[in-house]
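Q: In case you want the letters, here they are:
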Amino acid sequence: MKKVFVFDDNVDILELCTFILEDAGFAIRTSSTSNNIIEQVLAYMPDIIFMDNWLPDVGGIDATRALKAHESLKHIPVIYFSANNDVKSLADQAGADGYLAKPFDIEELEGIINRHLTT
Amino acid sequence: MKQCKAFIIGGSAGSLDVLLKVLPKVDVEIGFPIIIVVHRKHGSDSLLPSLLSSRTGLHVKEVDEKEKIMAGTIYIAPSDYHLLIEQDETFSLDYSEKINYSRPAIDATFQTAAEVYQRKLVCLLLSGSNADGVNGLKSVKAWGGTVLIQDPDSAQVPYMPEQAKLNVEIDRILDVEDIAEFINLLR
Numbered sequence: 001m002k003k004v005f006v007f008d009d010n011v012d013i014l015e016l017c018t019f020i021l022e023d024a025g026f027a028i029r030t031s032s033t034s035n036n037i038i039e040q041v042l043a044y045m046p047d048i049i050f051m052d053n054w055l056p057d058v059g060g061i062d063a064t065r066a067l068k069a070h071e072s073l074k075h076i077p078v079i080y081f082s083a084n085n086d087v088k089s090l091a092d093q094a095g096a097d098g099y100l101a102k103p104f105d106i107e108e109l110e111g112i113i114n115r116h117l118t119t
Numbered sequence: 120m121k122q123c124k125a126f127i128i129g130g131s132a133g134s135l136d137v138l139l140k141v142l143p144k145v146d147v148e149i150g151f152p153i154i155i156v157v158h159r160k161h162g163s164d165s166l167l168p169s170l171l172s173s174r175t176g177l178h179v180k181e182v183d184e185k186e187k188i189m190a191g192t193i194y195i196a197p198s199d200y201h202l203l204i205e206q207d208e209t210f211s212l213d214y215s216e217k218i219n220y221s222r223p224a225i226d227a228t229f230q231t232a233a234e235v236y237q238r239k240l241v242c243l244l245l246s247g248s249n250a251d252g253v254n255g256l257k258s259v260k261a262w263g264g265t266v267l268i269q270d271p272d273s274a275q276v277p278y279m280p281e282q283a284k285l286n287v288e289i290d291r292i293l294d295v296e297d298i299a300e301f302i303n304l305l306r
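Residue numbers (my numbering), protein chains in the order written: chain D, 1 to 119; chain A, 120 to 306.
Any given hint could turn out to be false.
[What the hints assert, rightly or not] Quick list of the computed label-pair ranges, beta carbon to beta carbon:
#1 D:K74 <-> A:S248: 57 to 63 Å
#2 A:A261 <-> D:G59: 47 to 53 Å
#3 A:K185 <-> D:A83: 22 to 28 Å
#4 D:M45 <-> A:K140: 30 to 36 Å
#5 A:R291 <-> D:A66: 51 to 57 Å
Simulated from the structure, these hints should not be mistaken for lab results.
For glycine and all other residues, C-beta sits at the position ideal for the given N, C-alpha and C.
Only chain D is shown next, with the shape it has when bound in the complex (with noise of 0.2 Å):
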């Protein structure tokens, strides 16, 4: 089983994908902190991790330049996720892998871990 790691200080979005997620088969750990983000992901090893642009202690952009720059982890897709206008760019700044705009649906959230896990 896949596994999705949400990173996201919004309880409502977190609750929601793990209903979604799991439905499609997956398997899911949330958490509304960037608080030692390198021990959370690798105790967890996903196969993706959405990562919210605004989140407590150390924000999105900051969180994913350390997963990226982190040995072991930096093969793991990142996607960005942000109300944000400039979520693309956001994106580009932190090195996520993809990018989604907030407010998405089901149909986007599972087509782009599709697409990230079948390349």
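Assemble chain A onto chain D, guided by the hints.
A: Here is chain A on its own, set in the frame of chain D:
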């Protein structure tokens, strides 16, 4: 059989799980709208309707301003607006101050719907962590409507239905397993 022109569900923390269990069992032939007001933050707007839509054959949509309320549709209150029911049975979205620290506030929808649908309104309050919805249920009761709560013993967060139980004359306390059957028996 109780006649129903609108069924409104209010909830907060712990209510999504209940909705996902109940809505798939609701008869697609129901002759009234189901209106859902749950506390949620901005940013999850498209996910909730698409998740609920994936679990039911009923048409599910987020409410648009001035939209006519139609039977057989599940309407979801958008985040960050109070959802009001107008006398001409249309929706109105209101951006005024939060009520009970909430927008949408369940009270605002229950109270405006109570005046419109009167005896033909049925309102259900689910799991949640504040007392939003309790005053609304009082209004529903005062206008002759039917008030229901999720059994607090089965609620992930029992405070909201407990407050209703303490402060409002409740018509029925429902286990999660019995909610869909209750809805299906309304006409």
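Q: Taking the CB of A:A261 and the CB of D:G59, does the distance hold inside 47 to 53 Å?
A: holds (49 Å)
Q: Range first: 51 to 57 Å. Now tell me if the beta carbons of A:R291 and D:A66 are that far apart.
A: Since the Cβ atoms of A:R291 and D:A66 sit about 53 Å apart, the hinted range of 51 to 57 Å holds.
Q: Could you check the hint for me, namely that D:K74 and A:S248 are 57 to 63 Å apart, CB to CB?
A: With Cβ atoms ~40 Å apart, the hint is violated.
Q: Using the C-beta atoms of D:M45 and A:K140, is the stated range 30 to 36 Å upheld?
A: holds (32 Å)
Q: If I claimed the Cβ atoms of A:K185 and D:A83 lie 22 to 28 Å apart, would that claim hold in this structure?
A: Holds - the Cβ-Cβ distance for A:K185 and D:A83, about 25 Å, lies within 22 to 28 Å.
Violated hint for the displayed structure: number 1, the only one.
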